[in-house]
Amino acid sequence: MSALLPKFPQGQGLANHQADLWCTYAAIRSLAWVERLGSADVPQLQAYIQSRRNRDGGYAWSKGMPSDAWATFYCTETLKDLAATVSDTDATAAWLHTLFDGDAYAMCPGQTADAWATHYALRTLLEVCQGEVQQREPLYRWLEGLQCANGGLSWSAEFAERDVADTRACFYGVMAARALQRAGLPAPAWDRTRLVAWLQTQQLADGGFRFSASAESACLWATYRATASLAELHALPLDAKRCSDWIVARRSGAGGFVRWQGYDGEDVWAVFCAVGSLKALGQPVAWLADEVADYIASLATPGGGYTYREASTAADVLTSAAGILGGTLDGGQRAAALRWIEGCQMPNEAGIMYMPGRGAEVRCTAWGLAAGAFAEQPQARQAIGQWLASLQNPDGGFGFWEGRGSDMVSTAAAVAILQSLGDSSCVALDGLQRFIGSCQHEDSGRLTYSAYPRGASSLRAGLQALSCLAYLGQPVQQAAAVLLAAHKVRQGGFANHGQRIPDLLSTYQAVAMALAFELPVDIAHLRFFLDKVSTAQGFAWSPLYLEGSDALSACLGRLLQAFVDGRRRHLPNLQLS
Amino acid sequence: MNTPSIELQIRQTLAQLLGPEVLGIDSQASFRDFLGERFDSLMAVEVITAVEDRFSIEVDYLSDDVRFWFETLDKMQRFVAQKVEDQLTLQAAE
Numbered sequence: 001m002s003a004l005l006p007k008f009p010q011g012q013g014l015a016n017h018q019a020d021l022w023c024t025y026a027a028i029r030s031l032a033w034v035e036r037l038g039s040a041d042v043p044q045l046q047a048y049i050q051s052r053r054n055r056d057g058g059y060a061w062s063k064g065m066p067s068d069a070w071a072t073f074y075c076t077e078t079l080k081d082l083a084a085t086v087s088d089t090d091a092t093a094a095w096l097h098t099l100f101d102g103d104a105y106a107m108c109p110g111q112t113a114d115a116w117a118t119h120y121a122l123r124t125l126l127e128v129c130q131g132e133v134q135q136r137e138p139l140y141r142w143l144e145g146l147q148c149a150n151g152g153l154s155w156s157a158e159f160a161e162r163d164v165a166d167t168r169a170c171f172y173g174v175m176a177a178r179a180l181q182r183a184g185l186p187a188p189a190w191d192r193t194r195l196v197a198w199l200q201t202q203q204l205a206d207g208g209f210r211f212s213a214s215a216e217s218a219c220l221w222a223t224y225r226a227t228a229s230l231a232e233l234h235a236l237p238l239d240a241k242r243c244s245d246w247i248v249a250r251r252s253g254a255g256g257f258v259r260w261q262g263y264d265g266e267d268v269w270a271v272f273c274a275v276g277s278l279k280a281l282g283q284p285v286a287w288l289a290d291e292v293a294d295y296i297a298s299l300a301t302p303g304g305g306y307t308y309r310e311a312s313t314a315a316d317v318l319t320s321a322a323g324i325l326g327g328t329l330d331g332g333q334r335a336a337a338l339r340w341i342e343g344c345q346m347p348n349e350a351g352i353m354y355m356p357g358r359g360a361e362v363r364c365t366a367w368g369l370a371a372g373a374f375a376e377q378p379q380a381r382q383a384i385g386q387w388l389a390s391l392q393n394p395d396g397g398f399g400f401w402e403g404r405g406s407d408m409v410s411t412a413a414a415v416a417i418l419q420s421l422g423d424s425s426c427v428a429l430d431g432l433q434r435f436i437g438s439c440q441h442e443d444s445g446r447l448t449y450s451a452y453p454r455g456a457s458s459l460r461a462g463l464q465a466l467s468c469l470a471y472l473g474q475p476v477q478q479a480a481a482v483l484l485a486a487h488k489v490r491q492g493g494f495a496n497h498g499q500r501i502p503d504l505l506s507t508y509q510a511v512a513m514a515l516a517f518e519l520p521v522d523i524a525h526l527r528f529f530l531d532k533v534s535t536a537q538g539f540a541w542s543p544l545y546l547e548g549s550d551a552l553s554a555c556l557g558r559l560l561q562a563f564v565d566g567r568r569r570h571l572p573n574l575q576l577s
Numbered sequence: 001m002n003t004p005s006i007e008l009q010i011r012q013t014l015a016q017l018l019g020p021e022v023l024g025i026d027s028q029a030s031f032r033d034f035l036g037e038r039f040d041s042l043m044a045v046e047v048i049t050a051v052e053d054r055f056s057i058e059v060d061y062l063s064d065d066v067r068f069w070f071e072t073l074d075k076m077q078r079f080v081a082q083k084v085e086d087q088l089t090l091q092a093a094e
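So the sequence lines, in the order shown, correspond to chains A and B.
Heads up, the first sequence is in the numbering used here, so the first residue is 1 and it goes up one at a time.
Heads up, the second sequence is in the numbering used here, so the first residue is 1 and it goes up one at a time.
It cannot be assumed that every hint is accurate.
What the hints assert, rightly or not - Derived Cβ-Cβ restraints for the label pairs, each shown as a range:
no.: 1; chain 1: B; residue 1: Glu58; chain 2: A; residue 2: Pro475; range: 32 to 38 Å
no.: 2; chain 1: A; residue 1: Cys426; chain 2: B; residue 2: Lys75; range: 55 to 61 Å
no.: 3; chain 1: A; residue 1: Ser444; chain 2: B; residue 2: Gly19; range: 34 to 40 Å
no.: 4; chain 1: B; residue 1: Ser30; chain 2: A; residue 2: Ala335; range: 44 to 50 Å
no.: 5; chain 1: B; residue 1: Ser27; chain 2: A; residue 2: Asp290; range: 50 to 56 Å
no.: 6; chain 1: A; residue 1: Pro66; chain 2: B; residue 2: Lys75; range: 27 to 33 Å
no.: 7; chain 1: A; residue 1: Gly437; chain 2: B; residue 2: Ala50; range: 35 to 41 Å
no.: 8; chain 1: B; residue 1: Gly24; chain 2: A; residue 2: Pro475; range: 30 to 36 Å
no.: 9; chain 1: B; residue 1: Asp26; chain 2: A; residue 2: Glu132; range: 44 to 50 Å
no.: 10; chain 1: B; residue 1: Asp65; chain 2: A; residue 2: Asp443; range: 55 to 61 Å
no.: 11; chain 1: A; residue 1: Ala335; chain 2: B; residue 2: Gln82; range: 53 to 59 Å
no.: 12; chain 1: B; residue 1: Ile57; chain 2: A; residue 2: Pro66; range: 26 to 32 Å
no.: 13; chain 1: A; residue 1: Gln18; chain 2: B; residue 2: Gly24; range: 32 to 38 Å
no.: 14; chain 1: B; residue 1: Asp60; chain 2: A; residue 2: Ser425; range: 46 to 52 Å
Unchecked claim - Calculated cross-link-like contacts (lysine-lysine; reagent style DSBU-like; alpha-carbon spacing at most 30 Å):
no.: 15; chain 1: A; residue 1: Lys488; chain 2: B; residue 2: Lys83
no.: 16; chain 1: A; residue 1: Lys63; chain 2: B; residue 2: Lys75
no.: 17; chain 1: A; residue 1: Lys488; chain 2: B; residue 2: Lys75
no.: 18; chain 1: A; residue 1: Lys488; chain 2: A; residue 2: Lys80
no.: 19; chain 1: A; residue 1: Lys279; chain 2: A; residue 2: Lys80
no.: 20; chain 1: A; residue 1: Lys80; chain 2: A; residue 2: Lys63
Unchecked claim - Where chain A lies over chain B, by a calculated footprint (3+ residues, C-beta under 8 Å):
no.: 21; segment: 39-47
no.: 22; segment: 62-68
Since the hints were derived computationally from the structure, they do not count as laboratory data.
We put the beta carbon where it would ideally sit given N, CA and C, even for glycine.
One chain only, chain A, in its complex shape (with noise of 0.2 Å):
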């Protein structure tokens, strides 16, 4: 891509005023490798981190969510540096070996193994719940094949074969095989004197690290990510003194760190990679305890947890768009909100993050742009038709961000890109369909598709799938018709699974499908579930839970009443999950 500036985002975005399950790691692990746990509520953060838990023994991102892989990890992790209690460990174990394809591990049930998922699972598994690994032959032959000819390693092995190493991929293989190590088990074979020369090379001449050769700068993420990585291999950076002054320079006024040079914006993943990445470099960082722990309580939520930057001024981009799209905004805070979402295209991923300074997602991408992000600026479009098509994966489908598996709805989300863009040159829609297919099962007769091609089957990837398909050009009506019949709850709305319980996201998805495909919609059916959803403050997700409701689940409700109220036509294609 061209290069992008580092800058601050202007204008002004909205916040969701919620912890994230990331954040709260990085401040944690932070405290901790500065020896300042002691600032924590951990009561508070306990709590926060349980009702993440779900029955079937995983965590999930959020609470009411699904479990995954990921944020199992992340859970498990807090509690640990905590030195809280990590309960029933042998019903997490059981859990992730559900995440097995048959060669390593996958982020949710059903879904293809990434590295990311793999390095999660194993160190949850073998250092969290003293777990054992069952399928060794297949895992050390997966992992194997990481290595690139170029020496590092990648997502996958099909993605290795293409030669594309990345610093974050090293390291979460490098991680997965420490865990395997300390387990009693060998590390995979890899070439490790190629491996060190790789990640030796991504050392720009300022002295940080960058991700791969397609990244244009360097970055404290990819400092940490190839820093650990060395320091486990035994190794060190080209010019460690470089690196570390590097890193130091990113430290700001505040106590924090920031990510980029020149950039004015500092945030938590940039101080736990700046204090992660001395370590590895056995630099001290107790000269920075006491900066980093008053940073970091600047950053604590009244409920528990932590958000990326001070809670008032940390804005989303998903919330930023849900502002937007749902109607509440003025011109004025409208035109601020889309400048901010501008500014989340950062450098080395021109895709828009979910937070400055993150990761470019291609779910958020999408809200972005429905928001009317960038809708006068060309280049800035082809920077994201471009970084879309380096994430199409070798199944053909896309994942929520760089090297992570297939899913439905990221798959459904990066269509919704391609249409806002007008453009599909840079992806192959063969391989598009080619997943969509890998996802097609048959049910009594009828066609269903599941989120992942070993998952189950649910309204919402039936109507992703359907979306993309009918972008490839096929006639879907039929087979939306079909769908929508068999999960139209009676009195109101439509359920994910079966016709009996519905739910906002379902409903909406539902309804705006059958509006593009220029289907019926029972007006009265829908206004009588709206009303069983509607509350003081908006929406709410389920008719069960009133209290869950938040920014995104009002867009979706107001979009559906003015779609009800008849001052809408047509909904905007929004994915969530």
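With the hints as your guide, set chain B onto chain A.
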């Protein structure tokens, strides 16, 4: 042997799901408060499903005002008793 009361059957069913503390909750006490941080839409579905399975009844998630009828154990037993009675009436009419 006497059949346990509906309320006791509900308590026994939910104790399997939520732990033995359910056996001792005041029948007028808020079940939502008892669940505390565990309460969300998934938990609500699990509670309702467990009661449905125990009594072979079907709850309508929208029309039956489940937020009201599943608020306390006392309301649950009244709701279940009514549903069972309705079911018996329907069966007799067939």
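Which hint numbers doesn't this structure obey?
Structure breaks hints 8, 10, 18.
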